[in-house]
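2 protein chains.
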Amino acid sequence: MGKGERTRDRIIGKAMALASRDGFDGVTIGALAGQLRLSKSGLFAHFGSKEELQCSVLQHAAARFTSDVIEPALHTERGEARVRALFERWRKWLLRSTMPGGCVLVTASHEFDDKPGPQRDLIEDQMRRLLDTLARCAESAVRTGEFRADLDTHQFARDWYALMFGYHQLGRLFKERSNEAHLRNAFEQLVSAVRKTGQH
Amino acid sequence: MGKGERTRDRIIGKAMALASRDGFDGVTIGALAGQLRLSKSGLFAHFGSKEELQCSVLQHAAARFTSDVIEPALHTERGEARVRALFERWRKWLLRSTMPGGCVLVTASHEFDDKPGPQRDLIEDQMRRLLDTLARCAESAVRTGEFRADLDTHQFARDWYALMFGYHQLGRLFKERSNEAHLRNAFEQLVSAVRKTGQH
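Protein chains in written order, with our numbering: chain L, 4 to 203; chain X, 4 to 203.
The following block holds chain L by itself, in its conformation from the complex (with noise of 0.2 Å):
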């Protein structure tokens, strides 16, 4: 890795530290500058506006969900298996996150949710992605004949994507330390519900 690249990487990371914590609103060249001790023009020579820099977090977090969560669960065995190797990696990414306020993507899609323009566009995408994903991953247990033939995988999507954004929320608000064990009952209850009968 060259110079360049590593600064750029050293400027990425504090930029999500700082997105977490205060939000992308935060995230400005001239607060990254005070607390990387850099020039202000040396960090637009690295990213030429703000929009640039917070795309550049937004996709670096994305890649990272991917490698880290989405990818290890494609790779394991289809059906329920990869439904619950998803949910295992993603709980722990969401509940057990080493940023200072939490998931980034979280606090992007709530940022800028009412705000068009490229990171907007950039989130959903992501967002869109994962409930494919999700929907994809409830498919393939359809067809092992784990999950249900008439499961509505879209609606069982949506539901799993609430339960995980709403116990973040949970999570970082009241900071119960029941709070995991809450998840994992109520993701037992959204399997279950949607397991052939008798396989209870």
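Since the hints were made in silico from the structure, they are not lab data.
Please note: incorrect hints may appear among the correct ones.
Think about it this way: if two alpha-carbon atoms lie no more than 25 Å apart in a straight line, the pair counts; the simulated DSS-like pairs of lysine-lysine are [as the list claims (entries may be wrong)]:
(1) LYS6/X <-> LYS53/X
(2) LYS118/X <-> LYS178/L
(3) LYS53/L <-> LYS43/L
(4) LYS6/L <-> LYS43/L
(5) LYS17/L <-> LYS6/L
(6) LYS199/X <-> LYS199/L
(7) LYS118/X <-> LYS95/L
(8) LYS17/L <-> LYS118/L
(9) LYS95/X <-> LYS118/L
(10) LYS17/X <-> LYS118/L
(11) LYS118/L <-> LYS53/X
(12) LYS118/X <-> LYS53/L
(13) LYS6/X <-> LYS43/X
(14) LYS6/L <-> LYS53/L
(15) LYS118/L <-> LYS178/X
(16) LYS118/X <-> LYS17/L
(17) LYS17/X <-> LYS6/X
(18) LYS17/L <-> LYS95/L
(19) LYS118/X <-> LYS118/L
Model the placement of chain X on the given structure of chain L, informed by the hints.
Frame of chain L, contents of chain X only:
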């Protein structure tokens, strides 16, 4: 209502709209003074600080949520009917919000979850009361014999809350017309899983 009160109401109304669309960080005395064509000193006469202004918006929104959603639901017949009444009113509040960026209580939950202070204390307290209300509604359905006697109402309240928060976010991000129908299906599944067997 005196002139002072009317002005105060006008300020809070505008501040709520601002918070809904741009987040609470955008609710500053300066920004509001510009939008309302009031002097900064005039605004300071009503709210001594940005913090006080943000807390007033939170209290106002919470009071409206209580009178529009909670109180009418608590006046319906106890049991499953009350759970359903609360769901219907809450669903409308969340998904058909007249606020430009959706529910400000949701916005505040995300924005203040990593920021200790009176705003965070206020929103945490409001959301904890809401969880308690959800659990009490479920308890009333246990007492009427509609919900299972061994129901964990603490878990049920959190599952329900997560569902509402998650679907609110799905609605804001994807703007799918099917979102409300999906939330309704998810709620039906949540309720049918806790009903006494044979009452499906």
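For each hint, the structure was consulted:
At most 25 Å may separate the alpha-carbon atoms for a hinted pair to count; LYS6/X and LYS53/X meet this at roughly 22 Å. Between LYS118/X and LYS178/L the alpha-carbon distance is near 13 Å, which keeps this suggested pair within the 25 Å criterion. With a CA separation close to 12 Å, the supplied pair LYS53/L and LYS43/L stays within the 25 Å bound. Between LYS6/L and LYS43/L the CA atoms are separated by roughly 18 Å; this keeps the pair inside 25 Å, and the hint holds.
Proposed proximity of LYS17/L and LYS6/L is supported: the alpha carbons are some 17 Å apart, at most 25 Å. About 20 Å separates the Cα atoms of LYS199/X and LYS199/L, which keeps this hinted pair within 25 Å; it holds. In summary, the hint linking LYS118/X to LYS95/L is supported, as the alpha carbons are separated by about 23 Å, within the 25 Å threshold. Taken as a hint, the LYS17/L and LYS118/L pair is honoured in the structure, with Cα atoms around 23 Å apart against an allowance of 25 Å.
This hinted pair checks out: LYS95/X and LYS118/L have alpha carbons roughly 23 Å apart, not beyond 25 Å. For the hint linking LYS17/X to LYS118/L, the alpha-carbon distance of about 19 Å falls within 25 Å, and the restraint holds. For the proposed pair LYS118/L and LYS53/X, the alpha carbon gap of about 23 Å is at most 25 Å, so the pair holds. For a cut-off of 25 Å, the pair hint linking LYS118/X to LYS53/L stands: about 23 Å separates their Cα positions.
Pair hint LYS6/X plus LYS43/X holds up; C-alpha atoms about 18 Å apart against a cutoff of 25 Å. Restraint check: the Cα-Cα separation between LYS6/L and LYS53/L comes to about 22 Å, which is no more than 25 Å; the hinted pair holds. For the hint pairing LYS118/L with LYS178/X, the CA-to-CA distance comes to about 13 Å; that is within 25 Å, so the pair holds. Straight-line distance between C-alpha atoms of LYS118/X and LYS17/L comes to about 19 Å, which keeps the hinted pair within the 25 Å bound.
At most 25 Å may separate the alpha-carbon atoms for a hinted pair to count; LYS17/X and LYS6/X meet this at roughly 17 Å. For the proposed pair LYS17/L and LYS95/L, the alpha carbon gap of about 22 Å is at most 25 Å, so the pair holds. Straight-line distance between C-alpha atoms of LYS118/X and LYS118/L comes to about 23 Å, which keeps the hinted pair within the 25 Å bound.
No hint from the list above goes unmet by this structure.
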